[in-house]
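There are 2 protein chains.
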Amino acid sequence: MSKESALIAALRSIATHPAARGLQDDCAVLDFGGETMILTHDMMVEGVHWLPGQDMADVAWKLVATNLSDLAAKGAEPVGVLLGFTLGKDDTRFLHGLDEALTAFCVPLLGGDTVSANGPRSLGLTALGRATSHPVPDRRGASPADTLWLTGPVGAAMLGFEALRDNTTADSTAFRRPQPRLAEGRALAPIATAMMDVSDGLLIDASRIAQASNVTFAIDSATVPFPANLPPARKDEAMRWGDDYELLFTLPPGAHPPIQAHRIGTATVPSSNPITVDGAVPHGPLGYTHD
Amino acid sequence: MSKESALIAALRSIATHPAARGLQDDCAVLDFGGETMILTHDMMVEGVHWLPGQDMADVAWKLVATNLSDLAAKGAEPVGVLLGFTLGKDDTRFLHGLDEALTAFCVPLLGGDTVSANGPRSLGLTALGRATSHPVPDRRGASPADTLWLTGPVGAAMLGFEALRDNTTADSTAFRRPQPRLAEGRALAPIATAMMDVSDGLLIDASRIAQASNVTFAIDSATVPFPANLPPARKDEAMRWGDDYELLFTLPPGAHPPIQAHRIGTATVPSSNPITVDGAVPHGPLGYTHD
Numbered sequence: 001m002s003k004e005s006a007l008i009a010a011l012r013s014i015a016t017h018p019a020a021r022g023l024q025d026d027c028a029v030l031d032f033g034g035e036t037m038i039l040t041h042d043m044m045v046e047g048v049h050w051l052p053g054q055d056m057a058d059v060a061w062k063l064v065a066t067n068l069s070d071l072a073a074k075g076a077e078p079v080g081v082l083l084g085f086t087l088g089k090d091d092t093r094f095l096h097g098l099d100e101a102l103t104a105f106c107v108p109l110l111g112g113d114t115v116s117a118n119g120p121r122s123l124g125l126t127a128l129g130r131a132t133s134h135p136v137p138d139r140r141g142a143s144p145a146d147t148l149w150l151t152g153p154v155g156a157a158m159l160g161f162e163a164l165r166d167n168t169t170a171d172s173t174a175f176r177r178p179q180p181r182l183a184e185g186r187a188l189a190p191i192a193t194a195m196m197d198v199s200d201g202l203l204i205d206a207s208r209i210a211q212a213s214n215v216t217f218a219i220d221s222a223t224v225p226f227p228a229n230l231p232p233a234r235k236d237e238a239m240r241w242g243d244d245y246e247l248l249f250t251l252p253p254g255a256h257p258p259i260q261a262h263r264i265g266t267a268t269v270p271s272s273n274p275i276t277v278d279g280a281v282p283h284g285p286l287g288y289t290h291d
Numbered sequence: 001m002s003k004e005s006a007l008i009a010a011l012r013s014i015a016t017h018p019a020a021r022g023l024q025d026d027c028a029v030l031d032f033g034g035e036t037m038i039l040t041h042d043m044m045v046e047g048v049h050w051l052p053g054q055d056m057a058d059v060a061w062k063l064v065a066t067n068l069s070d071l072a073a074k075g076a077e078p079v080g081v082l083l084g085f086t087l088g089k090d091d092t093r094f095l096h097g098l099d100e101a102l103t104a105f106c107v108p109l110l111g112g113d114t115v116s117a118n119g120p121r122s123l124g125l126t127a128l129g130r131a132t133s134h135p136v137p138d139r140r141g142a143s144p145a146d147t148l149w150l151t152g153p154v155g156a157a158m159l160g161f162e163a164l165r166d167n168t169t170a171d172s173t174a175f176r177r178p179q180p181r182l183a184e185g186r187a188l189a190p191i192a193t194a195m196m197d198v199s200d201g202l203l204i205d206a207s208r209i210a211q212a213s214n215v216t217f218a219i220d221s222a223t224v225p226f227p228a229n230l231p232p233a234r235k236d237e238a239m240r241w242g243d244d245y246e247l248l249f250t251l252p253p254g255a256h257p258p259i260q261a262h263r264i265g266t267a268t269v270p271s272s273n274p275i276t277v278d279g280a281v282p283h284g285p286l287g288y289t290h291d
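Chains R and H, in that order, give the protein sequences.
Under my numbering, think of the first position of the first sequence as 1, with each following residue one higher.
Under my numbering, think of the first position of the second sequence as 1, with each following residue one higher.
If we strip away everything but chain R, and leave its shape as in the complex, we get:
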């Protein structure tokens, strides 16, 4: 989840300390002791980030996984999480899912706080990681002629969301239980010139790298991976939906990724638009924005 609102821009504007140098990305980068810590804090709100009535075990999993996905995009190794939890219905299910996620990703719960409140519940998670590669990858390093890559398909979370919302027999796992690409992120961090996770939609997130790096990406939609069960007519939609948490990254010309990934485009000198798809400027919203 990125932070594009006017408020966070204002919050950033008062973060003038040198320690805040990572703020232009989703994560903060903090030198502490002799190492580099990566920090991220994301919130989830009932009815916004999860469906009312959804299994709280899945909500817990997603809260952990999406924060760890931010660490993955930095090539960071998770160190621990702190939880801000609003007590409510199905707390036991939440705990169960939290335990599953912490176990699956080998990350300890370091602490947190619980509160009681009426109305829609909100949850917050702070995730801490240790940088494994320096400089820590961010969105700013892509150059013209770099190649653009994606670790896996986009659109699976969209189909999973629809299965859950419409209560069909289709598989909703991709929406409920995203997998942060932690191993992939650590393998890529030493060679990626720019990297982020696809949380808000492939097209908008590619635009963000393009704008931060001052390049334009020419994306070839025929090379973008999609889930096998995606109707071909929905490919454009799948590139804008988000929530897939694959890694989107650039490599220098001629370089190949050390993990499985799909080359989906090329960086060029900046033009009037941050991205083109099949040679044309895409119309309409490129993805989810947090305004």
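It cannot be assumed that every hint is accurate.
If several chains are the same, the list does not tell them apart, and a pair holds so long as it fits within one copy or across any two.
[Unchecked claim] Derived pair list, reagent style SDA-like, types lysine to any residue, alpha-carbon separation capped at 20 Å:
(1) K89 with G119
(2) K89 with V48
(3) K89 with P52
(4) K235 with A222
(5) K89 with A117
(6) K235 with S221
Since the hints were derived computationally from the structure, they do not count as laboratory data.
Go by the hints and put chain H onto chain R.
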């Protein structure tokens, strides 16, 4: 704000990683990069932790100050904060107070997240600090014959809350703008045998140190400092109200604090009750609990 609910106990029970060794206190203690990081995450909810209609600048100040107070009790130097913010009314006032607090306490905003939600707003803050003294003080180190001390009066926040609630001309600063005892905490950390901040009430917080340390505290109410304008009949209430964020700590027999503080009691071998006040076991709730 401590975390005494059944849920956080369950959350703690799944935090089995060695890095979670600080969980029995409010703060997590994490070895990172050859140094020791202190971490805390506290939430505030509209209508629970602040009055509806209260100046959001004061709410922002308190959110920062109460988290830094947790760091103060560890003798930690603040390193940065991450904010989880629910957008709503008076965001500009919130930003103003946040800026004031970050400036006053010389701590940078490292990052965070914003969400939109209906209903009562909730806020979360994660504060990070660097330990300045080892071992890091916690609640477990008091021994029989240790002396019990308090850095300043209790009851001022209670009077401030009432002034604000009842819209009187009395001073509400102590409730609205608490001061974390950061310098005092750093001065005390090398010599205090146990330490915490008084967030939930002097009597309940003293009980927590007593129980964690396996001692009983004999508190002499005549030596407890109170604000000058507290009616004498309300001293008992002031010892249970909380929100004052003074430091409560123990010293070895004969030791004197390097900063101004009030000696309010003595530790003895454990009896059937964690504290006595003027020789008797106090009746009724000792303070605020988060159940």
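Results of checking the hints against the structure:
Taking identical chains as interchangeable, the C-alpha atoms of K89 and G119 lie at most 20 Å apart whether they share a chain (12 Å) or sit on different chains (17 Å). With identical chains, the CA atoms of K89 and V48 are at most 20 Å apart both within one copy (17 Å) and between copies (19 Å). Taking the shortest Cα distances, K89 and P52 sit within 20 Å of each other inside one copy (11 Å), while across copies they are farther apart (25 Å). Taking CA atoms no more than 20 Å apart as the test, K235 paired with A222 passes inside one copy only; the shortest distance there is 10 Å, against 75 Å between copies.
Proximity of K89 to A117 under the C-alpha cut-off of 20 Å is found in both arrangements, the shortest distances being 12 Å within a copy and 18 Å between copies. Taking the shortest alpha-carbon separations for K235 and S221, only the intra-copy value of 8 Å comes in at or below 20 Å, while the best inter-copy value is 72 Å.
Every hint from the earlier list agrees with this structure, and none is contradicted.
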